[in-house]
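Colleague: Going line by line, the protein sequences match chains A and B. Plus 151 on top of the position in the first sequence (first one is 1) and you've got my numbering. Plus 151 on top of the position in the second sequence (first one is 1) and you've got my numbering.
Hints listed in this document are in silico derivations from the structure and should not be mistaken for laboratory results. Check each hint, because a few of them may be wrong.
The list cannot tell twin chains apart, which means a pair is met if one copy fits it or any two copies do.
Each computed BS3-like pair below joins lysine-lysine, with the alpha-carbon atoms no more than 30 Å apart [unchecked claim]:
(1) Lys-463 with Lys-590
(2) Lys-589 with Lys-343
(3) Lys-518 with Lys-220
(4) Lys-220 with Lys-590
(5) Lys-589 with Lys-220
(6) Lys-589 with Lys-255
Protein chains: 2
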Amino acid sequence: MRVVIIGAGAAGLTLASNIRENDEKTEIIIFTQSEDIAYSPCAIPLVLGGCIESFDDIIMHDADYYLDKNIQIHLSTTVTGVDSSSKKITFEKDSNSESMTYDKLVIAAGSELIAPEFEIDDMDNIFSLTNISDGRIIQESIKDKKEIVFISNLSIGIESAYELARKGYDVTFLEQSFGILPLFLDGEISQKLVELNEGVDFETNADVTSITTNGSKKEIHYNDKTISADVVILPSNKVPSTSLAKQAGCEIGDFGAVVINEYLETSVEDIYAIGDCVEVKSHITGTPTLSPAGTTAVRQAMVLANNLLGNKLTFDPVVNTVVSKVGDYNYACSGITESFAEMIGMPVVSVCIETCQKARYYPQNNKLCIKMICKDDGTVVGCQMLSDGDLSSRIDALSFIITDNMKCEELIQKEFSYTPSLAMVVNPIVQAALAIRKKMQ
Amino acid sequence: MRVVIIGAGAAGLTLASNIRENDEKTEIIIFTQSEDIAYSPCAIPLVLGGCIESFDDIIMHDADYYLDKNIQIHLSTTVTGVDSSSKKITFEKDSNSESMTYDKLVIAAGSELIAPEFEIDDMDNIFSLTNISDGRIIQESIKDKKEIVFISNLSIGIESAYELARKGYDVTFLEQSFGILPLFLDGEISQKLVELNEGVDFETNADVTSITTNGSKKEIHYNDKTISADVVILPSNKVPSTSLAKQAGCEIGDFGAVVINEYLETSVEDIYAIGDCVEVKSHITGTPTLSPAGTTAVRQAMVLANNLLGNKLTFDPVVNTVVSKVGDYNYACSGITESFAEMIGMPVVSVCIETCQKARYYPQNNKLCIKMICKDDGTVVGCQMLSDGDLSSRIDALSFIITDNMKCEELIQKEFSYTPSLAMVVNPIVQAALAIRKKMQ
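Generate coordinates for the entire structure from the input sequences, incorporating the hints supplied.
Modeller: Rendered as structure tokens:
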């Protein structure tokens with residue numbers, strides 16, 4: 152069996168490794184337009200900030216590593232066509248065009264940046280920040296600069312803004328929405344995150360209309376105001392990459408992403424799709440949504456590897472569980488926001504409480520802010536947390552609670568661990584659940 | 152309604168507070184033999200080690216705080232009798248005996264220390280370490296001393312041993328079993344915990360036969376050897392306190408603890424029991440077990456408060472989820488150990504893997520060792536972890552996995568959060584589950 156994979160991101164590479172781990176015979180061939188593979192874009196801020204020394208350090212493997220495992224990777228190669236009737240793809244490298252047949256085709260093409268809606272007179276010192284190559288260019292370009300303006304970026308941009316501020320740059324962040332990460336965080340939480348952190352000048356509801364050049368400076372015009380900067384980082388708005396899927400005849404959904412079933416099959420036989428280019432089902436609403444996260448890509452890849460080898464697993468609906476380190480604080484979220492619930496007309500009850508991570512009397516006490524959102528029957532549908540302590544595993548517990556449709560009353564019975572130097576005897580999650588229950592009575 | 156509570160530990164006080172929070176009228180009266188209330192015994196090691204300044208700091212509230220909430224606490228008072236037919240208790244303070252009727256009686260009497268089996272010629276400089284009063288005495292007594300020997304203690308003693316070693320004491324720990332915390336940790340994990348940590352001399356399988364006095368020194372005789380010390384801390388073996396429950400006619404189970412049903416009712420009408428003095432049901436085996444933990448006591452108290460106020464909840468079977476900080480390392484566990492599975496003849500598959508907490512390339516990388524135990528159908532029944540990073544929320548996720556009877560194959564589909572500075576893209580729990588799955592194939 153020959154499996155052809157388009158894309159060498161978290162989805163494509165994890166799929167290849169997981170197939171090979173369980174099967175020696177399958178022929179695995181990957182195509183990618185990129186030169187760099189096997190790195191986590193989420194680590195880019197850490198290199199820009201200097202916490203990790205070089206971009207080379209975040210590259211886990213090169214193409215030879217995969218070749219040793221009998222996985223062929225065609226770097227810097229563009230797949231130009233898919234013919235699903237003859238089960239053949241065409242691809243181009245260095246202006247040479249070739250074709251190849253497949254038994255199973257996996258589209259893991261990721262997403263692509265969309266151009267900003269405002270005008271830019273000259274792209275000099277204006278960059279996007281989505282991949283390692285962007286990171287390298289920015290790292291080089293800001294060496295002799297001082298003022299950096301970010302416009303409406305997601306996690307990687309927000310984290311980078313604070314990392315660069317910590318390094319001594321003057322950083323301004325112009326957010327076009329009511330708050331940062333509006334899909335993840337309600338206004339009260341995103342505002343608190345910005346207030347608690349120092350070093351970056353934040354402006355929300357910033358309607359950027361143009362960027363013009365004045366000598367060596369860039370002038371960003373918004374809300375009848377103008378600020379200048381040496382370097383501008385453009386918004387990181389992305390859409391799923393679907394041109395090849397369309398060409399192959401795959402159904403595309405309302406979000407502009409490839410439609411797949413629970414086995415990760417597209418509407419075309421022997422073509423599968425995973426990663427940022429597909430739509431998934433929301434666990435909360437049961438309707439299609441996007442989940443452009445490395446963890447979703449990896450999970451889909453592991454499920455698909457099983458399916459291609461005949462051990463049929465399903466990919467379950469998502470709750471989009473996220474954690475991120477922004478300046479000196481971490482935020483984490485899972486499920487839906489209250490704003491989203493309002494938008495879709497779902498009646499919810501929410502609480503937002505300030506509590507601790509450890510025993511109240513513990514001297515290195517970490518503050519914790521937790522917002523919990525429940526349907527009117529008490530089912531937990533969302534949670535957002537903010538803290539100067541680690542939130543990663545804490546939000547994982549919430550991810551399980553939301554996936555299991557637990558009600559806040561049931562949380563009283565759930566077993567959490569306790570020791571004063573690490574935890575509270577009544578877990579903050581239970582404290583929030585009790586507060587919701589009281590509010591509902 | 153008058154609720155009389157015997158015991159002012161985590162169980163009794165949490166019950167009282169939770170009743171009062173939801174009901175103003177119920178008369179709540181607590182009896183305790185102790186002078187100190189509302190502190191966490193788990194914090195004693197932190198005071199002995201100096202991380203928390205004084206024992207007063209770990210006392211959250213005094214009796215007046217409760218009186219303000221209209222909760223009466225009789226300190227230093229011994230309940231001497233229970234007559235369940237006339238629903239009356241008798242109690243004694245300062246040699247005065249009185250009686251009081253109850254509508255509902257809650258026995259939250261805790262547990263009591265049992266005397267060691269070896270001989271001791273003189274109790275001078277020999278102490279137990281289970282409550283704040285022990286802590287105060289030890290803190291005072293070791294001021295001008297150097298050598299301390301602990302014999303077979305549980306978490307509080309083990310944590311204290313390392314805290315005192317950090318403070319400069321010469322500390323030896325003689326463990327009578329094959330490893331520390333044999334009910335929580337398998338030998339390979341407890342051994343690793345001891346090997347990784349520095350500062351305490353450990354000996355396992357130490358069969359202590361006697362402690363004798365030689366001038367100002369104590370000599371501890373075990374396995375044909377003798378070591379001397381200035382101070383000895385005795386084993387912390389405890390049994391449930393059941394004398395009043397027995398007197399009231401309550402059924403006592405095979406573990407010597409009060410038998411309760413899922414509503415926390417004893418076999419005698421209008422008498423309930425919670426906390427260390429009761430037996431609970433194990434989620435894994437379905438059979439009775441003990442769960443002498445503050446978290447269990449608090450959970451039982453919250454459930455019972457609901458039940459006494461007519462909002463009937465059940466107390467679910469336990470998995471005994473634990474976290475503890477020992478020296479520079481933390482361990483955490485949930486479910487059963489492999490040794491216990493062997494003992495009860497349950498066929499299991501286990502793996503023990505060394506991995507990371509954060510991305511592999513992250514410079515402040517925390518190592519993580521995780522042992523996972525599954526039944527032969529893949530259901531996760533136990534987990535033990537060891538790390539220099541926080542394990543509290545990480546074991547909570549495991550607690551949910553075990554309580555929900557998840558199989559290791561299902562864990563592939565579970566959503567965990569990820570960012571390189573806090574987590575791995577494939578969560579260690581999933582890594583362990585994949586390793587078990589491979590071993591089972």
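Colleague: Within, between, both or neither: how does the pair Lys-589, Lys-220 come out at a Cα-Cα threshold of 30 Å?
Modeller: Close across copies (18 Å), not inside one copy (57 Å); limit 30 Å.
Colleague: Using 30 Å as the alpha carbon limit, work out where Lys-589 and Lys-255 are close: within a copy, between copies, both or neither.
Modeller: Between copies, since 25 Å is at most 30 Å while 54 Å is not.
Colleague: With identical chains, the pair Lys-220 and Lys-590 could be close in the same copy or across copies; at 30 Å between alpha carbons, which is it: within, between, both, or neither?
Modeller: Intra 57 Å, inter 21 Å, cutoff 30 Å: inter-copy only.
Colleague: Is it within, between, both, or neither for Lys-518 and Lys-220, if the alpha carbons may be no more than 30 Å apart?
Modeller: Answer is between: at 27 Å across copies they meet the 30 Å cutoff, but 47 Å inside does not.
Colleague: Cα distance capped at 30 Å. Does Lys-589 pair with Lys-343 within a copy, between copies, both, or neither?
Modeller: within (25 Å within a copy, 45 Å between copies)
Colleague: If the cut is 30 Å between Cα atoms, do Lys-463 and Lys-590 qualify within a copy, between copies, both or neither?
Modeller: Answer is between; shortest inter-copy Cα gap is 19 Å, intra-copy 44 Å.
In summary, the structure agrees with every hint in the numbered list given earlier.
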